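Number of protein chains: 2
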Amino acid sequence: VDDADNTQAHEAQREARWLAALRPMAATLPESGIMTVINYGHDKAGVVPFWAGEGDVPTPAFIAEAAIEALRQGHTFYTYQRGIPPLRQAVAAYIHRHFLADVDPERVIITGSGMQAIMQTVQALVGPGDEVVVVSPVWPNIFAAIHMQEAVARPVPLQCAQDAWRLDLDRLFDACGSRTRALFLNTPGNPTGWIMEPEDMLRVRDFARARGLWIIVDEVYGQFVYDRPRVTSFLEVMEPDEQLIVVNTFSKNWSMTGWRVGWVVIPHSRSLGQVYENLVQYNTSGVPAFLQYGCVTALTDGDAYLKSLVEQCRQGRALVCERLATVPRVRLVWPQGAFYLFFQVAGEPDSLTLAKRLVDEAQVGLAPGSAFGTGGEGFLRLCFAASSATLRTGVERLVAALA
Amino acid sequence: VDDADNTQAHEAQREARWLAALRPMAATLPESGIMTVINYGHDKAGVVPFWAGEGDVPTPAFIAEAAIEALRQGHTFYTYQRGIPPLRQAVAAYIHRHFLADVDPERVIITGSGMQAIMQTVQALVGPGDEVVVVSPVWPNIFAAIHMQEAVARPVPLQCAQDAWRLDLDRLFDACGSRTRALFLNTPGNPTGWIMEPEDMLRVRDFARARGLWIIVDEVYGQFVYDRPRVTSFLEVMEPDEQLIVVNTFSKNWSMTGWRVGWVVIPHSRSLGQVYENLVQYNTSGVPAFLQYGCVTALTDGDAYLKSLVEQCRQGRALVCERLATVPRVRLVWPQGAFYLFFQVAGEPDSLTLAKRLVDEAQVGLAPGSAFGTGGEGFLRLCFAASSATLRTGVERLVAALA
Chain A
1 VDDADNTQAH
11 EAQREARWLA
21 ALRPMAATLP
31 ESGIMTVINY
41 GHDKAGVVPF
51 WAGEGDVPTP
61 AFIAEAAIEA
71 LRQGHTFYTY
81 QRGIPPLRQA
91 VAAYIHRHFL
101 ADVDPERVII
111 TGSGMQAIMQ
121 TVQALVGPGD
131 EVVVVSPVWP
141 NIFAAIHMQE
151 AVARPVPLQC
161 AQDAWRLDLD
171 RLFDACGSRT
181 RALFLNTPGN
191 PTGWIMEPED
201 MLRVRDFARA
211 RGLWIIVDEV
221 YGQFVYDRPR
231 VTSFLEVMEP
241 DEQLIVVNTF
251 SKNWSMTGWR
261 VGWVVIPHSR
271 SLGQVYENLV
281 QYNTSGVPAF
291 LQYGCVTALT
301 DGDAYLKSLV
311 EQCRQGRALV
321 CERLATVPRV
331 RLVWPQGAFY
341 LFFQVAGEPD
351 SLTLAKRLVD
361 EAQVGLAPGS
371 AFGTGGEGFL
381 RLCFAASSAT
391 LRTGVERLVA
401 ALA
Chain B
1 VDDADNTQAH
11 EAQREARWLA
21 ALRPMAATLP
31 ESGIMTVINY
41 GHDKAGVVPF
51 WAGEGDVPTP
61 AFIAEAAIEA
71 LRQGHTFYTY
81 QRGIPPLRQA
91 VAAYIHRHFL
101 ADVDPERVII
111 TGSGMQAIMQ
121 TVQALVGPGD
131 EVVVVSPVWP
141 NIFAAIHMQE
151 AVARPVPLQC
161 AQDAWRLDLD
171 RLFDACGSRT
181 RALFLNTPGN
191 PTGWIMEPED
201 MLRVRDFARA
211 RGLWIIVDEV
221 YGQFVYDRPR
231 VTSFLEVMEP
241 DEQLIVVNTF
251 SKNWSMTGWR
261 VGWVVIPHSR
271 SLGQVYENLV
281 QYNTSGVPAF
291 LQYGCVTALT
301 DGDAYLKSLV
311 EQCRQGRALV
321 CERLATVPRV
331 RLVWPQGAFY
341 LFFQVAGEPD
351 SLTLAKRLVD
361 EAQVGLAPGS
371 AFGTGGEGFL
381 RLCFAASSAT
391 LRTGVERLVA
401 ALA
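As given, the protein sequences belong to chains A and B, one line each in that order. Going by this note's numbering, 163 is the number at position 163 of the first sequence; the sequence numbering is gapless. Going by this note's numbering, 145 is the number at position 145 of the second sequence; the sequence numbering is gapless.
The hints are simulated quantities; they were obtained by calculation from the structure and are not laboratory data. None of the values given here were measured: they were computed from a predicted structure. Keep in mind that a hint or two might mislead.
One copy or any two copies: either way a pair holds, since identical chains are not told apart in the list.
As the list claims (entries may be wrong) - Here are the simulated SDA-like cross-link-like pairs (lysine to any residue), alpha carbons at most 20 Å apart as the crow flies:
(1) Lys44 / Tyr78
(2) Lys356 / His98
(3) Lys44 / Thr79
(4) Lys307 / Ser387
(5) Lys44 / Gln312
(6) Lys356 / Asp241
(7) Lys44 / Tyr80
(8) Lys44 / Pro85
(9) Lys44 / Pro86
(10) Lys356 / Gln344
(11) Lys356 / Thr180
(12) Lys307 / Ala325
(13) Lys356 / Ser308
(14) Lys307 / Ser388
Only chain A is shown next, with the shape it has when bound in the complex (with noise of 0.2 Å):
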């Protein structure tokens, strides 16, 4: 017992050298809670994984053709730091054609998935010791982001009320101070499903005009609706001359998460689109073009399977919402965008244990509400983004073990 003690004690004490001999920020960047349950659960065999925001399905033949086209055709060299033309094209065509906002083809920039949207933004704009401050729960890798430029995010979290999370604005504002660099909106947001309304846009929108902010917009689940028409995007209450940056991803809307292709429109400023060039160059040096011409035909034969996805998607929100809410220990609320149940389990505070305690009593994979921030901690997240099939199978198996 001794020996196997102080072998313990001295891999310790070499991994706490190892951490010592990298940059603080590196050494203090936490793992994404979300992949603390993936990597708890990944190999055990049975778990229905509900854990990462993707469904069950790969991406569509008419897509993945479009890629392999491309790379028979041989598009396998350096290419377009700012993606290729056409792709830039298809990106503005698909906004004016969803959208009330026209957005020339030079405001668009493709990226090395979403995350690299969002990356390449924060370090454009903020640095050690600008602020950023963010609505949350969300995303931790938008906290992780700030935190690798050395920045700080100063959450400001949503109220969870009886029927919707609802955003305090005047909290919104307080929050910024003489450091504040940016806010970070993600409408309709993950993990919560929380939309902002329009008229609170132009309240923001109104707000970083008079303190000169940046206004970083993640608008990945802009097509997951599911009580009215369509969201509104910040592309429309917002100038081209202004200071907006939107973040998006081919991921959600055509079963692409594994492709790592995102975008990001930017103000109409050459020196703007230099920096991003430049960026790109340096984090990346582009984006696969054969990947491209996949992400092309997405965007211009793929309206009706983001319909598709979409209804799929109101129909697992039903029937995860519907069976969950039986179970008396369930907090719930419907949400209202993105793909996400976020719920609470009255006796549950801790996200983590209860995540993890799921996987191996329910077989089912959960995202913990402390990986999502401030706000986050007690609530489990829940992808319904899968075929019903799925579904059905994962829910019951919550159902029984939440009972």
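Please arrange chain B on chain A, whose structure you already have, making use of the hints.
Chain B only, in chain A's frame:
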């Protein structure tokens, strides 16, 4: 004329305001000097492109088809952040096969390009005010990645001797001060072809050991060597528990520049592995799994292709060096490794001006030496990884233009 001047002045003011709204680091991040010329000549018809670090053949079919099969099989979901296990194992096996080094697959992290491998490494190791001593001239993206951490690069220039590029190790060591955290070496080197000799590697290792410095080595061109059977990897002279990071890419060996997949070998440490997993998560959230299956095939079935590519580069080197050596104004040293000729033209001290002129007057695209930092100005970089027909066309144009 006054109106036009006013419009221009207004535009300039407007752009200056945009740059002022950015983080100073981003506003001062320079454009890659390679991209300056590529962007200058990109749309000019008939230019023979020797400016980028790639050949003129697409990825071989056996690799592309492996990715296509995986894509059709539906490997389109989020995947292992450190890379799929078979790929990490294949990298370890590749290293074992080609170098006298035994690397545990746990030490291998798959990244979204060699560039991302470098970016994640500087993110992990250096922060604001830290210094990295960099052997130059070198790929400009190294300097940019360091700048993006608000750290400082201290270049130590190679000397261009009569027969080879040489590094004065005393100069290298003298450049290391109290803020120095790491040495950055690229051997075989871009753009010079310089190769660090094993005895110098041992001296650098001993110096870094004594000073507690990290050694970051870019071994991307480790297979492209012409006057000796092979090069020694730093993995052969340092132990798994030393502060060594080796970055690499699939781009050069298997004509996969457009794929954006690289890897990094880190020390054997649970904590470091977790830090790199976090950095993957927050930069790109992983590399497409279906591309990784193509990469497995490149590593396991690609030795013969690699050998033929190196052979082609050997012939390309001879073709280019022999022909350009006949031009009285040209001064060159045959490169020992990599696939670039880095040469001078008498009476042409301004390499960017000359590179642009050669685009216009010779229809040949070269990279300006000024892009590669201290010691690079006055040189031009020519990539000879192309087929001999392309090389012949371009070189004859150069001979005519520089005669």
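What hints, given by number in increasing order, does this structure fail?
-> Hints 2, 5, 6, 11, 12 and 13 not satisfied by this model.
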